[in-house]
Amino acid sequence: MAYSELKALAKRRLGRFYPVMVRAKSSGAVRKVRALPGALAYARWKGTGQAAIGLDIDTPIGMGAIVCHALLLHDHFERAGIACHLRATSPFYARPGQDVLARHFIAEPWPADVRMLPSKTCDFIIEYLRPDHMDLQRASELVQRHFRPTPLLADAIEEGSQGFAAFDLAIHYRGTDKSMEATTTSADAALAEIERQLQGLADPVVFLATDIPAFAQVVRARFPRARFVSYDIGDVASGTARYRSTMNPDDKALEALVNSFLIARAKVCVRTVSYLSAVAAVINPQMRTITLNTLIGNDPPFPELEIARREGKAG
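Under this note's numbering, the letters of the sequence shown match residues 102 to 416, in that order.
Keep in mind the hints are simulated off the structure, nothing from the lab.
This one's a predicted model, so the numbers in the text were calculated from it and none came from an experiment.
The reader is advised that the hints may include incorrect statements.
Below, a list of computed lysine-lysine pairs in the DSBU-like style, where the Cα atoms sit at most 35 Å apart [stated by the list, open to error]:
1) LYS414 <-> LYS368
2) LYS221 <-> LYS133
3) LYS133 <-> LYS414
4) LYS147 <-> LYS221
5) LYS147 <-> LYS133
When you get a sec, could you build the whole thing from the sequences and use the hints?
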């Protein structure tokens with residue numbers, strides 16, 4: 102049974118309890134309990150006094166979330182004077198044993214004396230030790246140091262750009278599996294904001310990222326004077342998030358990263374909350390963002406809180 106079918110079945114069986122269950126399983130309290138088994142391995146590493154640590158981000162999260170977790174880990178250990186060596190084997194993007202970060206980003210070789218700490222150690226550090234936020238400018242500086250694209254990713258970015266070094270506007274409209282995490286944004290509201298941003302531009306170049314094919318068709322038809330660029334490697338069943346789809350794991354990772362880097366080439370980004378465009382705001386903190394919805398709850402993750410503050414929507 103496909104993920105979308107399982108999700109639909111769960112919604113039917115759980116009814117009004119479905120949103121409660123979804124939010125509960127990813128709540129801060131649940132994450133902290135799940136991360137506790139990593140405490141012992143971390144304590145043992147701490148006792149060695151080593152000046153370097155090796156961690157694996159192996160949880161089933163999206164590509165943008167992987168990058169943001171990695172940035173926060175680099176920030177935490179850099180401030181402590183410890184060299185942080187990371188890999189990511191998230192099952193959404195990596196084949197068994199494959200490091201999705203090494204495939205797409207240039208990194209220093211692992212020292213021979215730095216061993217990978219056991220699974221859950223990274224989760225423990227994330228939930229109990231590492232700060233949850235940092236300044237966007239600081240994060241952008243870390244991107245320049247730790248997330249320089251490999252030739253594979255760099256070539257895909259250039260191919261996906263279709264020769265445009267910059268875009269007048271980027272649009273990121275996320276329609277799938279976000280209703281449990283964020284307020285919904287109608288297509289009409291998104292179209293109205295896009296129209297405001299395109300006013301006065303005679304021949305705008307727009308980068309469009311969306312997981313709703315019908316929305317993409319409407320946008321292109323609504324603004325015929327604009328030149329649209331999109332980067333989608335494969336087709337995904339309607340209602341299925343691309344990172345949870347049956348697409349090739351390598352393609353899913355590459356597609357997500359190329360989209361983030363190309364969104365970052367825009368002067369302005371009209372967006373719904375999602376790591377995909379949030380990472381773009383880290384890559385290019387000078388890009389102006391217009392976020393159409395908000396996350397549910399009082400603790401937005403990095404960098405959504407930082408983006409909201411910059412937009413004047415959070416204290």
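Here is how each hint holds up against the structure:
Simply put, LYS414 and LYS368 have alpha-carbon atoms about 20 Å apart, close enough for the 35 Å limit, and the pair holds. A hinted pair counts as satisfied when its Cα atoms are at most 35 Å apart, and LYS221 with LYS133 qualifies at roughly 11 Å. The straight-line distance between the Cα atoms of LYS133 and LYS414 is roughly 28 Å, inside the 35 Å bound, and the hint therefore holds. Among the hinted pairs, LYS147 with LYS221 is consistent with the structure: their alpha-carbon atoms are about 15 Å apart, no more than 35 Å.
A threshold of 35 Å between alpha carbons decides the hint, and for LYS147 with LYS133 the separation of about 20 Å falls inside it, so the pair holds.
In this structure, every one of the numbered hints holds.
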